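> Model the full assembly from the supplied sequences, consistent with the hints where possible.
When you line the sequence shown up against our numbering, it's residues 1205 to 1515, in that order.
The hints are simulated quantities; they were obtained by calculation from the structure and are not laboratory data. Fair warning: this is a prediction, and the values are worked out from it, not measured in the lab. A hint or two may mislead.
Computed list of lysine to aspartate or glutamate pairs in EDC-like fashion (alpha-carbon distance at most 16 Å, straight line) [as the list claims (entries may be wrong)]: (1) Lys1429 <-> Glu1499; (2) Lys1484 <-> Asp1258; (3) Lys1429 <-> Asp1258; (4) Lys1293 <-> Glu1334; (5) Lys1478 <-> Asp1335.
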Amino acid sequence: MEQSEFIWMNGEVVPWEDAQVHVLTHALHYGTSVFEGVRCYDTEIGPAIFRHQDHVDRLFRSAQAYFMELPFTAEEIRAATLDLIARNKLSSCYIRPIAYRGYGSMGLFPLAVDVDVTIAVWEWGLYLGEDGKRDGIRAKISSWRRISPETLIPYAKAGGQYLNSILAKVEAHNAGYDEAILLDHVGNVCEGTGENIFVVRDGVISTPPMTSSILEGISRDSIIKIAADMGHEVVIREIAADELPIADEIFLTGTAAEMVPVRELDDRPVGSGKPGELTKALLAVYEDALYGRDERYRDWLDPVPASPAPS
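See the structure below:
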């Protein structure tokens, strides 16, 4: 991991190496945390965070789902993030805000445990690699199913829930693949381990609905809006697993991975076995949005101040 100089913890800016928690932190034992993955880009208007407010709002929705009252407002977290990037003198970075039950009590009843909030920023490349974004990745359908809404809360981005994705990710890695595609609890297509999925057939773009246990991705929403601006309707519907082998194109979206074509699924080529034309066209506009090159999406960018706020 590429270290930065400072991390924000509960309202204080501390050196990276001093940002530590107690070994009896509640979240360490029971997964009682919610978090976000956000990116700042070196854009046409300077360093700017992509869809920052949407990520902050989702952090608060996740916290509410798990009865966590954050001790800071959404605007305080937004401002702290912008200030932290400026303090670390970063022009582009990955951003990880996390709210978690801290030290003070053990046991499964969490409400007596205070909620701590930390924000870290650092330089981090694409989750599935630049070559994966350019050439496409190899994926497999996982034997592990995505968590059911009868078990946990799929729309919440909660720490403990990611054990599900870890199992699928390790299974795919051990079998020689780059990524896993999970089905939902009834066997329909859900998502990747850290990305939403889109399927293209006969020029029609489809993506699973919230009822398929997906995380309501912000990158997913961006692609839906960009596709509409390009004249393509995205059909939000349940997708049967047996639709994947006959797809013309498949691609994944997520903040960490950005937008990644799937060139091969379960040892079979997807379409031509190369990134499809529609995927490449969407990716080109999406990248223009990320880097501020397209005026239509400038309101998705939250500029970082040139210098940190005075202490």
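> Of the numbered hints stated earlier in the document, which are not met by this structure?
2, 4
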